[in-house]
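**Q** Below are the chains, spelled out letter by letter.
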Amino acid sequence: MKITIERGLLLKVLTHIQGVVERRNTIPILSNVKFDAPDGQLSLNATDMDIDIVETIPADVASSGSATAPAHTLYDIVRKLPEGAQVELDCTGDDSQLTLSAGRSKFKLTCLPTEDFPVLSGGDLPNNFTLSAADLRGLIDRTRFAISTEETRYYLNGIYLHAAEKDGVEVLRAVATDGHRLASVEIPLPQGAAGMPGVIVPRKAISEIRKLIDETEDEIAVSLSDTKIKFAFEGTVLTSKLIDGTFPDYDRVIPEGNDKVLEVDTDLFAHAVDRVSAISTEKSRAVKLTIAKGNLTLSANSPENDTATEEVPVDYDEAEIEIGFNSRYLLDIAQQIEGDRARFTLADAASPTLVQDLDDQGAIYVLMPMRV
Amino acid sequence: MTIRLLPSTTVNRIAAGEVVERPASAIKELVENSIDAGAKRIDVIIRDGGRTFISVTDDGCGMSPEELTLAVERHATSKLPDDDLENIHTLGFRGEALPSIGSVSRMSITSRVHDADSAWLVAIEGGEKSEPSPAALSQGTTIEVRDLFYATPARLKFLKTPKTENSHALDAIKRLAMAHPDIAFTVGDGSRTMLKLPQAQGDMLSARLDRLDAIMGNEFAANALAIDAEREGLHLSGHIGLPTLSRGNAALQFLFVNGRPVKDKLLFGAARGAYRDFLAHDRHPLLALFLDIPTESLDVNVHPAKTEVRFQDAGLVRGLIVSALRHALAEAGHRASTTVSNQALGALRPETAVPQSYQGNYGSNQNRPVMPSAGLQETAREFHAPLSNLDTALSVNALAEDQIQEVSDDWPLGVARAQLHETYIVAQTDNGIVIVDQHAAHERLVYEEMKKALAEDGIKRQGLLIPEVIEMDEGAADRIVARSDELAELGLVIEAFGPGAIVVRETPAMLGEIDIHGLINDLADDLAENEEALSLKERLADVSATMACHGSVRAGRRLNGDEMNALLRQMEVTPHSGQCNHGRPTYVELKLADIEKLFGRR
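As they're listed, the protein sequences go chains W and Z.
Going letter by letter, the first sequence gives residues 1 to 372 in the numbering used here.
Going letter by letter, the second sequence gives residues 373 to 974 in the numbering used here.
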C-alpha cells in the first residue's frame, strides 16, 4: 500500500476516529486504526468492539493494499505536521512497518496484522430511515444531559430511541433519564421508521455520532436491528451495539395532573439559579423556589448560614407553593430551552415537575424535587 | 440394627467433643473451675501444647473425697445450689467439664478441703475412675491431665502444631485473667515461665487496668480511656484505646459479660459504629469491656463451650456500648496516643541511621508494623508530601518578632513558632513542643464542622422519578422497613412493597446518583448483623470526608503566625481533633524531658 493524502483531510478523519479508540487496551489491535486503500480512496476503520467507525476519503493511491497503525500516535503525529503538508503512507514491501513521510519528517510505525482487526459489521439491519442532521442533533442535544452514569442500572446509560404516538401523530422519540430527571424529545416519525424496535443507544455511541454530525447538513441514514444501530452519511459509517436491556416505562412518570402553571423568561431564570446557587457549597446544591402570584423567589443557603435570594417576575396565578431542586438539574434543563419562555407545571413539593419550552412542544423535561 | 442406649463412656466422649475441642478448651474449663472455687492464685503448666501434659493448681476451696468421686460424674456440680438456670453467677454450671476431659485422657485430681487434715486423689483413665486414695497437697486442688485425646484418635489428628495449641491455650488463660485481676496467674511448661501475672493491687478499676496493660501490651494503659456507664440495670465498665492506637485486626477486642469472656459479634459491630469517624475501614481499636448484667436477662446456656451468650435485649446492650464509647471518645478531645510521640522519638534516636517513615504506622504494636492499605498510604502521602516545586532547604517559615506570642499554659497545644516545609507547624508549649500536620489537622476541623452542619440542617433528599423496587428476603425487608423513620432522617425514604420487597422513593442528595440496590443490600446485612445502618452512615461520612479533604489547607501552603495559632486554638476546642479521618494523628507532642533524653541529658 502506498498513498498520498493532504494533511488536513487526514487529520479530520483521525480526529473523528480516535475518539472511539480507547487509550488503554488489553487487546493490542484495538489501539490501531486500519487503512484500506482500494483505487482512488482510503478508508480508515477503528473499533472498541462496541462501536465501529469507518470513514472513506479520496486519496491518491499509488498502490492499493491495507495496513494497521496505532491510532493515537498517528493522530498526534499528523496533528503536529505543518498545515498543507502532503502525507505519504507507505508499507509496500515490508508489511510489518508503516512509513509515514511528510516533507523532511519520517516516521516508522509498527503494524499489526490486518487480518487480526476485528470485523464488527455484518448482521441484518432491517429497519431503515433517514433523518436530517439537524433533527438528530436536536434529539441528542436535548436529552443526553439526563443520561445516567450509574452503571448498575445499565439500561439507563443511553438514549432510548423509539417510535411512539402522540395525539394521533406518529413520532420518533428520544428519552433519557438518570432517575432524578427525565428528558423526552420527539420529531415527526421519518418514513420507514414505523415498526422499528425501541432501542437504547449507549452514551459513548451518542457522543461519537454527535461529534461526527456537528458540521454536516446531510441526511443521515439510520439502520437498526434490535442489537445494532448504524448511522451513515458522507462516506462515514458508525455502527454501535445497543444496550441489551429494557428501558423503564417512562410514560408513567410524566405527570399529567399537575395544575399549577408558571411561565418565566428562560434567560432570567437560568441566570438567577446560577447566581443563587453560588452560595451553596454543599454537594447537593439545593435551591428553594417560592412561587407566589406573579413572583418567583429563588433562595439558597450554605452550612455556614450564608444566604442568597433573587426574585424573578413570572406569570403565575395559583396558590403559593414552595419547592426545592438541585440547582444543577435546574440549570441543565434551562440550558436545553432555546425559546424565550419556559413553562413549569407543578403539583406539590414532593411530586415531579414538568418543564417545557413554549416554542417547542416536542420536548418535555421532568424533574424530581429535592426534599429539604 | 437395633436401638440401644449408649454406654456412659461413649456418652461422655460425645459430650467431650463439644466441651473439649482442643487443649485450650480443657484448660479453660479447669481454670474456670479454679476461679469458681475462689482461688487467689492459679498455676498452669502446659507441655507440648497441652497434648501430653496439662496441670492446673489452685488454692481454692478444695473438695472432700466424697465430692471428688461425684465430681467426675456427668452433670454433677456444686454450682447450681437451687437448680436455678436463670440465675447463674458462676462461670461453670453444666457439670460436664471433668467427666468430659476424663473420658478422653488420663486425669488425676488431688484436692484438700481448706481445713481438712489430708488431701485425696482420684484418677480417671479413658472414663474409668479409681477409688479415692490419700495424697499429699497443702491446700486447694491440682488437676493433671495427661495424653489428652488419647482415647479419641480422630480429635488428636486434627490438633494443630504444639506451638499453635500453646498460643490458643495462652489466649484462653489471658481472657480469664483479664476478668480477674485479683487472682495471680502463672503459666509455664515446667521449666520456662510463659506468663506471669501478679495479683493486681488497688481498687477494681486500677487493678484491672494494670492487668489489661500486662496482657494487651504496655501501650494500652497509657492510651486507654476509662468507660463507666449505666443504663437500665446494665453496667458497662472497662477501658478502650484511643483511635490513634489501632490494630489491623480485631484480636484485641474483648467483651466480658458478668466476668465471663465471650466472643460476640455485637461487640465488633458496636466498636465499628463508635469508632466509625476516627478509623479507616481496615483499622480496629483496642477494647476491653466488662458488662454487668442482671443474670435473668442473660442466657449463657447457649453452647457447651460458653463462648456465646444471648442477651434478652441486644439492642439495649449495643446502644449502651456505642454511646459509652462515643462519649469517652468525645471527652478525649484532641488527645492523641503517646505511642505517636514514642515512635517519633524512636525514629529520632541517633542509632537509627535512616529515620524510618512512620506514616500510617502509628499505634501498631512493638515490632510488627501493620500497614494500612496501599491506596490509603498513597493518598496520605500525596497530601502530606510537600509540593515538589518548593525549595525545601529554604522552607522554614520562622515567625517575625512581632508575631510571636507568649506561651501560656491555658493552651495545651502551645504557641506557633514556625512552619517547616510548609507542612508542619511547630508550636511551643510550657513543657515541650508540638508538631502539627497542618493538612490532617485542618481536614479534621472542616470535617467536624460539616458533621455539625449536617446534624443541624438535616440531610437533603433527592426524590426518585422512578421509584426503585428492591426484592429481598422477607426478614431483611422487614428489618429495613422497621427502621424507615431512622433511615428517612439519613435521607433515605423507603416503604414496604408487599412481602419481601421495598420501594425506595428518595435518596440522600449528597450521594448523587448511587447504586441503590447495592446500598439497600448492604444496609440489610448491617441491620441483621449490627442493628445499625452503618453502611449508609459510612457513605455519607465518606462524602463529607472527601469534601473536607478538598476544603482544607493542603500541605505546602505557607501559613502566617496568626493562621497557625488560630488552627491550634481551633484544635483545642474541637472534639476528636487528635486524629484525622483515617485515625492517623494530627499532631505529635514531645515533652521537654523526652527531648532532653534524646541529647543524653537524662
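These are computed hints drawn from the structure, not numbers from a lab.
Be aware that a few hints might be false.
As the list claims (entries may be wrong) - Pairs of lysine to aspartate or glutamate, DMTMM-like flavour, derived with a Cα cap of 20 Å: (1) Lys535(Z) <-> Asp420(Z); (2) Lys211(W) <-> Asp76(W); (3) Lys283(W) <-> Glu910(Z); (4) Lys909(Z) <-> Glu282(W); (5) Lys283(W) <-> Asp420(Z); (6) Lys288(W) <-> Glu828(Z); (7) Lys823(Z) <-> Asp306(W); (8) Lys823(Z) <-> Glu282(W); (9) Lys823(Z) <-> Asp76(W); (10) Lys283(W) <-> Glu820(Z); (11) Lys283(W) <-> Glu828(Z); (12) Lys283(W) <-> Asp887(Z); (13) Lys824(Z) <-> Asp76(W).
Since the model is a prediction, treat every value here as computed from it, not as a measurement.
**Q** Decide, hint by hint, whether the structure agrees.
**A** Hints versus structure:
| no. | hint | verdict |
| --- | --- | --- |
| 1 | Lys535(Z) <-> Asp420(Z) | holds (8 Å) |
| 2 | Lys211(W) <-> Asp76(W) | holds (19 Å) |
| 3 | Lys283(W) <-> Glu910(Z) | holds (16 Å) |
| 4 | Lys909(Z) <-> Glu282(W) | holds (17 Å) |
| 5 | Lys283(W) <-> Asp420(Z) | violated (61 Å) |
| 6 | Lys288(W) <-> Glu828(Z) | holds (18 Å) |
| 7 | Lys823(Z) <-> Asp306(W) | holds (17 Å) |
| 8 | Lys823(Z) <-> Glu282(W) | holds (12 Å) |
| 9 | Lys823(Z) <-> Asp76(W) | violated (48 Å) |
| 10 | Lys283(W) <-> Glu820(Z) | holds (16 Å) |
| 11 | Lys283(W) <-> Glu828(Z) | holds (16 Å) |
| 12 | Lys283(W) <-> Asp887(Z) | holds (17 Å) |
| 13 | Lys824(Z) <-> Asp76(W) | violated (51 Å) |
Consistency with the previously given hints fails for numbers 5, 9, 13, ordered from lowest to highest.
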